[in-house]
Amino acid sequence: MLPMEGLRKLQRRFRDLPFVSVLLVIINVVVFLINLFSGDGLYYHGGLGLIPVTYYQEYDRLIWSMFLHADSMHLCNNMVILLFLGSMLEKEIGHIGFAVVYFLSGVSGGLLSLYEKFLTGSDAWSIGASGAVYGLDGLLLAMVLCWPKFRNTVSFQKVALIVGLSLYSGFMQENVDNMGHIGGLGAGFTVGLIVCVLKNIGKNPKKREV
Numbered sequence: 072m073l074p075m076e077g078l079r080k081l082q083r084r085f086r087d088l089p090f091v092s093v094l095l096v097i098i099n100v101v102v103f104l105i106n107l108f109s110g111d112g113l114y115y116h117g118g119l120g121l122i123p124v125t126y127y128q129e130y131d132r133l134i135w136s137m138f139l140h141a142d143s144m145h146l147c148n149n150m151v152i153l154l155f156l157g158s159m160l161e162k163e164i165g166h167i168g169f170a171v172v173y174f175l176s177g178v179s180g181g182l183l184s185l186y187e188k189f190l191t192g193s194d195a196w197s198i199g200a201s202g203a204v205y206g207l208d209g210l211l212l213a214m215v216l217c218w219p220k221f222r223n224t225v226s227f228q229k230v231a232l233i234v235g236l237s238l239y240s241g242f243m244q245e246n247v248d249n250m251g252h253i254g255g256l257g258a259g260f261t262v263g264l265i266v267c268v269l270k271n272i273g274k275n276p277k278k279r280e281v
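Per this note's numbering, the very first residue in the sequence shown carries number 72; after that it's consecutive.
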């Protein structure tokens, strides 16, 4: 039986491992390979389009579309950023919190994308984890803005510049779901600010005179 100190060290190591990020990468890669060898079969069952979601009420596409990618470069770009941000953020907000932010951002990006399709009458389908990954960008922006640990080590201006250039690059290219990116970014940033407020309330309770 391990001593209590050994158990605590083991718990800390387990807590700090970004296993949700790694698991998400593995799932994305496996889904990509299955779709590749099935002749894009999963794309037709999981791509995010206005008609399948609104007319046929296939709301699960908001989730499935997050695990589909157009090609290996699309997959690689998203997974590298996911691992990079996950290694920093997951240990700070916990495995469950990280998963919640990831999926909430992805769904939010998907909803904004559908809204744009509704306004423009577009029949294009969207796929990719970019909305969820942009949500992690938004979370990082919020943490750099109001968490002392990040504010003292990472420049908010630099992070904002990188995210801004990434968004700009998307608008300069064709066939990019920019509304999905913006929706995910906004959701992640909003959740990050809420977490910051809750943490500050917990650490600095108001003193009342009696």
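In case anyone wonders, no lab produced these hints; they're calculated from the structure. Hints should not be assumed to be uniformly reliable.
Calculated cross-link-like contacts (lysine-lysine; reagent style DSS-like; alpha-carbon spacing at most 25 Å) [said to hold, decoys possible]:
| hint | residue 1 | residue 2 |
| --- | --- | --- |
| 1 | K229 | K162 |
| 2 | K270 | K220 |
| 3 | K162 | K220 |
| 4 | K270 | K162 |
Hints, one by one, checked against the model:
no., hint, in the structure
1, K229 with K162, "22 Å, holds"
2, K270 with K220, "13 Å, holds"
3, K162 with K220, "13 Å, holds"
4, K270 with K162, "15 Å, holds"
Checked against the numbered hints given earlier, this structure breaks none of them.
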